[in-house]
Amino acid sequence: MRIEVLGPGCTRCKETYRVVRQVVEEAELEAEVVKDESVERMMALGLMATPGVAIDGRVVLAGHIPGADEVRHLLGVS
Amino acid sequence: MTNAFVGPAPRHARTTAPHVRLAVTALALVAASALYGQLHAIASGLTYSILGLSPGSRFGLAVEFFLFEVPKVILLLTAVVFVVGMLRSFFTPERARQLLAGRREASGNVLGALLGVATPFCSCSAVPLFIGFVTAGVPLGVTFSFLIAAPMVNEVALVLLFGLFGWKIAAIYLGTGLGIAILAGWTIGRLKLERHVEPWVWEIQSRSVNAAIRKSWPDRISEGRAAVREIVGKVWIYVVVGIAVGAGIHGYVPTNFMASFMGRDAWWAVPLAVLLGVPMYANAAGIIPVVQALLGKGAALGTVLAFMMSVTALSFPEMIILRKVLRPRLIAAFVAIVAAGILVVGYLFNTIL
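Residue numbers (the numbering used here), protein chains in the order written: chain A, 9 to 86; chain B, 1103 to 1455.
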């Protein structure tokens, strides 16, 4: 699984990246977590509200900092 | 920047069932509204009985004002941000773009401004939003109506205006803010400034259909809670400091003190208020309580409204962000047109009220 955290590098995106990493760490997922700050990538994914999270090239979250519960739900971790 | 990472670290994930969180949220709302009704009694009880300050004294009045206004505004803010956060989960930039693409001017500007208010927006996503809009065929002026309305007419400003000034001023702010966004966007569209958008923007391939994120009610509730965590978590300190300063002004600054330099007779007060508002962005929540206190000391309403609008709509950080996609002339045009709109609103209210 490849998880991308997208955003122009503001504090909200950094916080999202931190939450996602923490959940992946806690659940011991085999996942690559990447932070991408390029507008080109956001446009390629069709993302217009940051922070955004994409799993294997599909946007699953846009426009707000997720809580840990929400990220677990998105990643299918119970 | 790219950080790759594959993770172990054993610890058990704690998850709360959705219906438990729903019940907790509902309970919190009921408790908050019960508390809201009792605030005045609690604040004066604390001030005069428990702290033992003498009724009518300057210090007593200031403390009572502070103890009443802080919980009132924070409760109101939390409730409204939660509800707005939930409602906003129905609006996405993708949906706004679909509705606005290929629109004609005028009606497009009106719809753009309204969607700008309804759609969740953070000035840090101004660039992807701008590119996504214009490359999908949303007219430049309509895009600007959206981008002007989104930060100016926001729930934090409206709650503070409602809580501290009353619903009439909140409504005036909402109406004139929308008016400025519509007219400024329309003017930018008429001026045909498309060539002052950075050329690389037009070459970006933006995907027009986004894989729609399906949301259930528990998702929407958790978005409302996320909004509270994010927004109230950030602005509460400004509210507290702002109300503390406001309380001091209420208690100690003589009435009509402000009339000489923020009153309606000082013609230069409105432009000065606009100028002062530009570098202040994050502090909007703290500025309103101070401004409310100043209004009580003879500052004119139009001047106050102009200041508020300048703080929210003309933010220096956002201009720097937009510089990535807009050439300086277009930024200058944007600032000049919006500032002109704000000046008109300021003078208008100083004249008619």
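Be a bit skeptical, because a hint or two may be false.
[As the list claims (entries may be wrong)] Computed Cβ-Cβ distance ranges for the label pairs, DEER-style: (1) B:Gly1277 / A:Glu45: 36 to 42 angstroms; (2) A:Glu48 / B:Trp1370: 42 to 48 angstroms; (3) B:Gly1398 / A:Glu45: 44 to 50 angstroms; (4) B:Gly1281 / A:Ile63: 41 to 47 angstroms.
Just so you know, these hints were derived from the structure itself, not from any lab.
These figures come from a predicted structure and were not determined experimentally.
Even glycine gets a Cβ: it sits at the ideal position worked out from N, Cα and C.
So which of the earlier hints does this model not fit? none
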